[in-house]
Amino acid sequence: MDSFLAATTLVFTWDVMLIVISASVFGLFMGAIPGLTATMATALLVPVTFFMEPLPAIAAIVSATAMAIVAGDLPGALLRMPGTPASAVYTDEAYLMGKQGKIGVALGLNIVCSMLGGIIGVVCLAMLAPLIADFAIKFTSDEYFWLALLGLSCAILVSGGDRLKGVISMLAGLAISMVGMDSVSGQARFTMGSYDLLAGISILPVLIGLFAISELIRRMPESHNLQQEVQTRVKKPFAGVGGLLWKYKFGVARGGVLGTLIGALPGAGADIASWISYAIARKFSRSPEKFGTGHPEGLISASSANNASLSGAYIPALVFGIPGDAITAIIIGVLMTKGITPGPDVFVSEAPLVNAILLVFIIANLLLLPLGFLAIKGARHILSIPSGVLFPLILIFCMVGAFAANNTMFDVWIMLAFGLLGYVMAENDFPVGPLILAVILGPIIESNFMRSIIKANGDLTAFVDRPIAITLAVAAALIWGMIVANGIASSRTKSRLSFN
Amino acid sequence: MRSNDKITGLVTVTFGVLVITNSRGLANLPQQDYGAGTFPIVIGGLLIAFGGLLTLRGLSSSAPLMVWVNDVPIKRFYLTLLAIIAAIVAYILLVPVVGFPIVSTVLLSLLLYGFYRQNWMLAAGTAVASTAVIWVVFGRLLQVPLELGILEKVVY
Numbered sequence: 001m002d003s004f005l006a007a008t009t010l011v012f013t014w015d016v017m018l019i020v021i022s023a024s025v026f027g028l029f030m031g032a033i034p035g036l037t038a039t040m041a042t043a044l045l046v047p048v049t050f051f052m053e054p055l056p057a058i059a060a061i062v063s064a065t066a067m068a069i070v071a072g073d074l075p076g077a078l079l080r081m082p083g084t085p086a087s088a089v090y091t092d093e094a095y096l097m098g099k100q101g102k103i104g105v106a107l108g109l110n111i112v113c114s115m116l117g118g119i120i121g122v123v124c125l126a127m128l129a130p131l132i133a134d135f136a137i138k139f140t141s142d143e144y145f146w147l148a149l150l151g152l153s154c155a156i157l158v159s160g161g162d163r164l165k166g167v168i169s170m171l172a173g174l175a176i177s178m179v180g181m182d183s184v185s186g187q188a189r190f191t192m193g194s195y196d197l198l199a200g201i202s203i204l205p206v207l208i209g210l211f212a213i214s215e216l217i218r219r220m221p222e223s224h225n226l227q228q229e230v231q232t233r234v235k236k237p238f239a240g241v242g243g244l245l246w247k248y249k250f251g252v253a254r255g256g257v258l259g260t261l262i263g264a265l266p267g268a269g270a271d272i273a274s275w276i277s278y279a280i281a282r283k284f285s286r287s288p289e290k291f292g293t294g295h296p297e298g299l300i301s302a303s304s305a306n307n308a309s310l311s312g313a314y315i316p317a318l319v320f321g322i323p324g325d326a327i328t329a330i331i332i333g334v335l336m337t338k339g340i341t342p343g344p345d346v347f348v349s350e351a352p353l354v355n356a357i358l359l360v361f362i363i364a365n366l367l368l369l370p371l372g373f374l375a376i377k378g379a380r381h382i383l384s385i386p387s388g389v390l391f392p393l394i395l396i397f398c399m400v401g402a403f404a405a406n407n408t409m410f411d412v413w414i415m416l417a418f419g420l421l422g423y424v425m426a427e428n429d430f431p432v433g434p435l436i437l438a439v440i441l442g443p444i445i446e447s448n449f450m451r452s453i454i455k456a457n458g459d460l461t462a463f464v465d466r467p468i469a470i471t472l473a474v475a476a477a478l479i480w481g482m483i484v485a486n487g488i489a490s491s492r493t494k495s496r497l498s499f500n
Numbered sequence: 001m002r003s004n005d006k007i008t009g010l011v012t013v014t015f016g017v018l019v020i021t022n023s024r025g026l027a028n029l030p031q032q033d034y035g036a037g038t039f040p041i042v043i044g045g046l047l048i049a050f051g052g053l054l055t056l057r058g059l060s061s062s063a064p065l066m067v068w069v070n071d072v073p074i075k076r077f078y079l080t081l082l083a084i085i086a087a088i089v090a091y092i093l094l095v096p097v098v099g100f101p102i103v104s105t106v107l108l109s110l111l112l113y114g115f116y117r118q119n120w121m122l123a124a125g126t127a128v129a130s131t132a133v134i135w136v137v138f139g140r141l142l143q144v145p146l147e148l149g150i151l152e153k154v155v156y
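Chains A and B are the protein sequences, given in the same order.
All residue numbers for the first sequence refer to my numbering, where the first residue is 1 and numbers rise by one.
All residue numbers for the second sequence refer to my numbering, where the first residue is 1 and numbers rise by one.
Among the hints, a few may not be true.
To be verified - Far from chain B, by Cβ distances over 10 angstroms, these chain A residues were calculated:
no., residue
1, 6
2, 47
3, 119
4, 185
5, 194
6, 223
7, 279
8, 334
9, 340
10, 369
11, 370
12, 388
13, 470
14, 478
15, 482
What the hints assert, rightly or not - In silico EDC-like links for lysine to aspartate or glutamate, alpha-carbon gap of 20 angstroms or less:
no., chain 1, residue 1, chain 2, residue 2
16, A, 290, A, 92
17, A, 138, A, 350
18, A, 455, B, 33
19, A, 138, A, 345
20, A, 338, A, 15
21, A, 283, A, 92
22, A, 236, A, 222
23, A, 102, A, 92
24, A, 247, A, 289
25, A, 138, A, 465
26, B, 75, A, 289
27, B, 75, A, 222
28, B, 6, A, 92
29, B, 6, A, 345
Hints listed in this document are in silico derivations from the structure and should not be mistaken for laboratory results.
Think of the CB as a built atom: it goes at the ideal place given N, C-alpha and C, for glycine as much as any other residue.
Taking the hints into account, I'd like the entire structure generated from these sequences.
Next up, the structure:
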């Protein structure tokens, strides 16, 4: 109770509340513009959060991402263009509801379900994280090595698309993470004599490059025709929402829980949670034939899931210090720069901060209602901002942001290099998720491996001589078996298709 | 620009070879068979193996080596790509000499005019206002050392 009271005093201050509202408005704007994602919003926000205390920094990121996911529904419903990948699965449903004169209901459902899904996610996070932390306190470097490896393996399995390219993406990320001075022996690796590379490649320019610059390269050539005119006027956004919510209450609950669990898997973000939840809602529906015709059932389930997954990703991040996605990877980076190392101990040593983070999650989700309402009313204006104006401004912001992390122009070069790499990867169907997780998890895997091997005097069997370690090792081996089997099957299919 | 798997596969194999050749000189820890080179060599080996698999897949495919699969004309894409790269390189090279306010204003004016295709005055006005906002937020509030460059003598 004391730590909860301490958390409320941390959260309910003018600066934190102002940051939550400002970040929400920023997230709303980013999510509503097609092509600008929640991850891109976070990458652009990080240079600013580096200068804040831990709680306001996390509050800013939590609020911006939650709002961006919800705002992504606006262009989907109004223009049939999903604002973020997380909205893509139900874009047609919402748009067709609009065509039937129910645009207010569609957008109202998006907002209310996102809010409810987010709250379910926070409740799951608050209940599960301390329980897992109690268990995780027994972990040694052996278990952390397997756990990080398991996280990376999961990222490939759930990232979708071509598994072989997913593995290569992950390996490239691991190689990138090795650049700089080795933390155990102090030897310089792959620095090519550059003093700037001795400290390794900074994560922020990598994120800005991969998520913002590559997207600008893809979007800017078509910017002259991206200005949108919204013809539909939204009237009474929340009318009729209550009745539909009551009718599909199990869909909301299922989407929320499912979204949280999927979000907790490394590499599986809001988009995957949304797709799976929609598919399951269709499978268990009494009227599956109505899906895709402007039916609200799938939209309700998927809207709840995509926002709940944001909370789910914080479970491995807070309990093990292992990020569930790029956004929580940034959060871990922000916490570590403030001297707080996420892990099971943080639930005891930083209990007020953990409770404050949960409280911020609830506030950010509750804010979705009023800000979402304003977003619906202002959607016409937001969507009419010409991308020919927006994209150059984002480009300048990216350059300043990349520079701001370490105050060096070298990071701007890094941003450019990763922007080009991200574009080439996207064009050739290489998933970016495994690369970014590998850049973050690489040092964790290597340092825990080296710690264990020194402890065991070079004996590799020490990695599997504890029950938890061997369980995690078997799980990792099973996932790798699945990846290899899937890779072989897809290679055969592709070869057969190319011969036909 | 989409490449055949044999090209991306060969690039991956080359990357793996480079990782291994650059790791071979790294010393092991005292009295251990492992050290700073262990992980890079394993990763390099796996890059060669999986890159090889991708190359084999590409060899059995009839897809062209390179193909443009976008609705936007390739000329416009290259011009835009060039503009983005030129803007970033100009920013890196010119800000330490000329200063952030002038470089940002000029770059933004050019980019806004180039991509929005409205009049110069509107582009320049938006560029000045945006540069001022970024300067206040990053330079003043967040204390990021954005160079004043040649304006330093004017301001101080």
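Hints, one by one, checked against the model:
| no. | hint | verdict |
| --- | --- | --- |
| 1 | 6 | 28 angstroms, holds |
| 2 | 47 | 8 angstroms, violated |
| 3 | 119 | 32 angstroms, holds |
| 4 | 185 | 5 angstroms, violated |
| 5 | 194 | 13 angstroms, holds |
| 6 | 223 | 5 angstroms, violated |
| 7 | 279 | 28 angstroms, holds |
| 8 | 334 | 14 angstroms, holds |
| 9 | 340 | 21 angstroms, holds |
| 10 | 369 | 29 angstroms, holds |
| 11 | 370 | 25 angstroms, holds |
| 12 | 388 | 4 angstroms, violated |
| 13 | 470 | 21 angstroms, holds |
| 14 | 478 | 19 angstroms, holds |
| 15 | 482 | 16 angstroms, holds |
| 16 | A:290 - A:92 | 12 angstroms, holds |
| 17 | A:138 - A:350 | 19 angstroms, holds |
| 18 | A:455 - B:33 | 13 angstroms, holds |
| 19 | A:138 - A:345 | 11 angstroms, holds |
| 20 | A:338 - A:15 | 18 angstroms, holds |
| 21 | A:283 - A:92 | 18 angstroms, holds |
| 22 | A:236 - A:222 | 34 angstroms, violated |
| 23 | A:102 - A:92 | 13 angstroms, holds |
| 24 | A:247 - A:289 | 18 angstroms, holds |
| 25 | A:138 - A:465 | 14 angstroms, holds |
| 26 | B:75 - A:289 | 45 angstroms, violated |
| 27 | B:75 - A:222 | 12 angstroms, holds |
| 28 | B:6 - A:92 | 37 angstroms, violated |
| 29 | B:6 - A:345 | 48 angstroms, violated |
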